[in-house]
Amino acid sequence: MTSPVSEQPGAAPANADVAAYAIRLGDDALILSHRLSEWTAHAPQIEEDLALANIALDLLGQARTLLAYGGAFSGRSEDDLAYLREERQFTNLQLTEIENGDFAVTMIRQLLFSCYQHELYRDLESSTDAQLAAIAAKAVKEVSYHVEHASTWVLRLGDGTELSHDRTQAALDAVWPYSHELFVDDELVRRMADSGVGPLPSVLRPAWLGAVQDVLTEATLVLPDDDWQPSGGRNGLHTEGFGYLLAEMQHLHRSHPGAQW
Amino acid sequence: MSTPNSPLWEVFVRPSRGTNHVHVGSIHAADATLALQNARDLYTRRGEGVSIWVVRSSDVTASSPEEKDSFFEPSADKPYRHPTFYTIPDGVEHL
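Chains A and B are the protein sequences, given in the same order.
Position 250 of the first sequence, counting from 1, maps to 244 under our numbering, and the rest follow consecutively.
Position 30 of the second sequence, counting from 1, maps to 45 under our numbering, and the rest follow consecutively.
Wrong hints could be hidden among the right ones.
Part of the chain A face toward chain B, derived, beta carbon under 8 Å [to be verified]:
1. H36
2. E41
3. L44
4. A45
5. H143
6. T146
7. R184
8. T214
Restraint-style ranges between C-beta atoms, simulated for each label pair [unchecked claim]:
9. B:S73 with A:V197: 47 to 53 Å
10. A:S68 with B:S73: 54 to 60 Å
11. B:D46 with A:A168: 42 to 48 Å
12. B:H97 with A:Q254: 51 to 57 Å
13. B:P94 with A:E212: 56 to 62 Å
14. B:K83 with A:H250: 40 to 46 Å
15. A:Q254 with B:E82: 51 to 57 Å
None of these hints come from the bench; they were simulated from the model.
Being a predicted model, the structure only gives us computed values, none of them experimental.
Heads up, the beta-carbon is just placed ideally off N, CA and C, and yes, glycines get one too.
The following block holds chain A by itself, in its conformation from the complex (with noise of 0.2 Å):
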């Protein structure tokens, strides 16, 4: 479906960059997505499983709409992404992928991504690119939720108990180094800003620090050093963990071809 004329909302992208741009934030929200799913019947409460699950089916719609868009260029659909590529084909962020750890690392993930993807989406909202803004302006409302959320627990975690606090400063200190990748600027994204599509990502960082630290301040947390920085997510290079989620992820679709609810 390549109609390279075609200005209406809900046609392909204008060009391939514009298309591997959607699938990147596309494959950040799937991937992310399916890491809170593995929480469901596990949460510490059956109302804390059901708003997991909740976030989980919001940054699953976004993925659809985003890989819907950004397969259009190539005639890929949604599925086609999600479930026929490999490993090295994915382009999210490392943050994304990493593993649940306990209830802290969870929250502690989701408070940095919530944050970056509010201010991306915000962003976004203006973009030249008319179907990535339609997006935005419906995800921003869901990524607001998700922010306050996520910062409800990690004040409470942080300036709980002696436990909860030490064992949500091991968290921001395990998550922390993943941080930095959000905000990585690489030729892609600097096309996209020369464009008006996206925002460079390091141009988000000020904000996203000031909310973050915010929070984190209120939860008697210490923001870690920055030293090691790991990154590598835009270009397929992935975290050990992957290769089992994807394998958890993409089993049914692969054994089942076109399987259907």
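Place chain B on chain A using the hints.
Okay, now just chain B, sitting in the frame of chain A:
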């Protein structure tokens, strides 16, 4: 799991502007903010509401089944208390 750290809360949802908050169920939560978030996640995921109240279940004073007769029986045979002599104009909702 009702523990001192996650007491029970009663949830009231108002389905639309101009209607009343209606009791829809209960949830566990550590404090009021979390109770509100949990209630939002549990009871308004399909667009059921525009407003939520949460109240600590322990703060609700309820009538007991033993009092049923003395509380409610006396009103059963007093039809003059029912506003059955008014006609409701067509198109009036929520009356």
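Cross-check of the supplied hints:
{"no.": "1", "hint": "H36", "in the structure": "violated (14 Å)"}
{"no.": "2", "hint": "E41", "in the structure": "holds (4 Å)"}
{"no.": "3", "hint": "L44", "in the structure": "holds (5 Å)"}
{"no.": "4", "hint": "A45", "in the structure": "holds (4 Å)"}
{"no.": "5", "hint": "H143", "in the structure": "holds (6 Å)"}
{"no.": "6", "hint": "T146", "in the structure": "holds (6 Å)"}
{"no.": "7", "hint": "R184", "in the structure": "violated (39 Å)"}
{"no.": "8", "hint": "T214", "in the structure": "violated (17 Å)"}
{"no.": "9", "hint": "B:S73 with A:V197: 47 to 53 Å", "in the structure": "holds (50 Å)"}
{"no.": "10", "hint": "A:S68 with B:S73: 54 to 60 Å", "in the structure": "holds (59 Å)"}
{"no.": "11", "hint": "B:D46 with A:A168: 42 to 48 Å", "in the structure": "violated (27 Å)"}
{"no.": "12", "hint": "B:H97 with A:Q254: 51 to 57 Å", "in the structure": "holds (55 Å)"}
{"no.": "13", "hint": "B:P94 with A:E212: 56 to 62 Å", "in the structure": "holds (60 Å)"}
{"no.": "14", "hint": "B:K83 with A:H250: 40 to 46 Å", "in the structure": "violated (57 Å)"}
{"no.": "15", "hint": "A:Q254 with B:E82: 51 to 57 Å", "in the structure": "holds (55 Å)"}
Comparing the model with each earlier hint shows violations of hints 1, 7, 8, 11, 14; every other hint is respected.
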